[in-house]
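Residue numbers (my numbering), protein chains in the order written: chain A, 1 to 88; chain B, 1 to 151.
Be a bit skeptical, because a hint or two may be false.
[What the hints assert, rightly or not] Computed Cβ-Cβ distance ranges for the label pairs, DEER-style:
{"no.": "1", "chain 1": "A", "residue 1": "Met-84", "chain 2": "B", "residue 2": "Leu-97", "range": "38 to 46 Å"}
{"no.": "2", "chain 1": "A", "residue 1": "Tyr-54", "chain 2": "B", "residue 2": "Arg-11", "range": "35 to 43 Å"}
{"no.": "3", "chain 1": "A", "residue 1": "Tyr-21", "chain 2": "B", "residue 2": "Leu-97", "range": "20 to 28 Å"}
Don't read these hints as lab results, they were simulated from the structure.
Using N, Cα and C, we set each Cβ at its ideal position, and we do this for glycine too.
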Amino acid sequence: MDSFFLYLGMGLFTLVFLCLYRSVFGPGVLNRIAAISAIGTKTLVILLLMGFIYNRVEMFIDISMVYALLNFIGTITAAKYLEMKGEV
Amino acid sequence: MTSVTDDIIIRAVARIMIPFIQLYALYVIMHGHHSPGGGFQGGVILGASFILYLLTHGLEEAKIRMSEIKAGLFSSFGVLIYSGIGLLCLILGSNYLDYGKLSTILKVVPAQARSLGILGVEIGVGIAVMAVMFSIFFDISTGGELPEDEE
Numbered sequence: 001m002d003s004f005f006l007y008l009g010m011g012l013f014t015l016v017f018l019c020l021y022r023s024v025f026g027p028g029v030l031n032r033i034a035a036i037s038a039i040g041t042k043t044l045v046i047l048l049l050m051g052f053i054y055n056r057v058e059m060f061i062d063i064s065m066v067y068a069l070l071n072f073i074g075t076i077t078a079a080k081y082l083e084m085k086g087e088v
Numbered sequence: 001m002t003s004v005t006d007d008i009i010i011r012a013v014a015r016i017m018i019p020f021i022q023l024y025a026l027y028v029i030m031h032g033h034h035s036p037g038g039g040f041q042g043g044v045i046l047g048a049s050f051i052l053y054l055l056t057h058g059l060e061e062a063k064i065r066m067s068e069i070k071a072g073l074f075s076s077f078g079v080l081i082y083s084g085i086g087l088l089c090l091i092l093g094s095n096y097l098d099y100g101k102l103s104t105i106l107k108v109v110p111a112q113a114r115s116l117g118i119l120g121v122e123i124g125v126g127i128a129v130m131a132v133m134f135s136i137f138f139d140i141s142t143g144g145e146l147p148e149d150e151e
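Build the full structure now, drawing on both the sequences and the hints.
Below, the structure written as structure tokens:
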């Protein structure tokens, strides 16, 4: 089961780079915001998979919850900035 | 960053989430010596909840909950708790922040006194970090000038 989680994590790790490409070269701000939010979500899942691999999932849940929370607030802040600038 | 948004979804989601964020922050502070976290991390989460309130409800409503003066008072109060516990250990004839001596006034065994001492220090650190985080964000979002100041 550990190797299953490991390969799952590696697959998500490669997907993070695709999102990173979109966040660097992506046209417009909205694509970048969505890409960074997706990176945060994938990082959260990778953290939980690490917790399963190390058999300390109760510790990694704490970290991943903080990560999800800050990701949410970051997206809200970017959207607020976009609303203030008035351009999409 | 300070204008009031009229988006009902953002306001409702923030209103639902903020109590849970603060509860989680208190858990991180209280549970810091058994799991990752502690005073600083819990304080950052607690500060993030106030920043979320300021972002979604605007500056005027946020000032009712947590104003600049209150943030300054809280940051000093947190440092006071931290250094107060440290000095209390010093007065009782031990090293600075050596909680073992607190057992004489808490009437518990030294091991339990150490646990309670580090908990008190973490609460102080959490309050100070929360207030300083909010204060920094407040200053950035207002550009350093407070609208309600009458010269």
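Which hints, by number, does the structure contradict?
3
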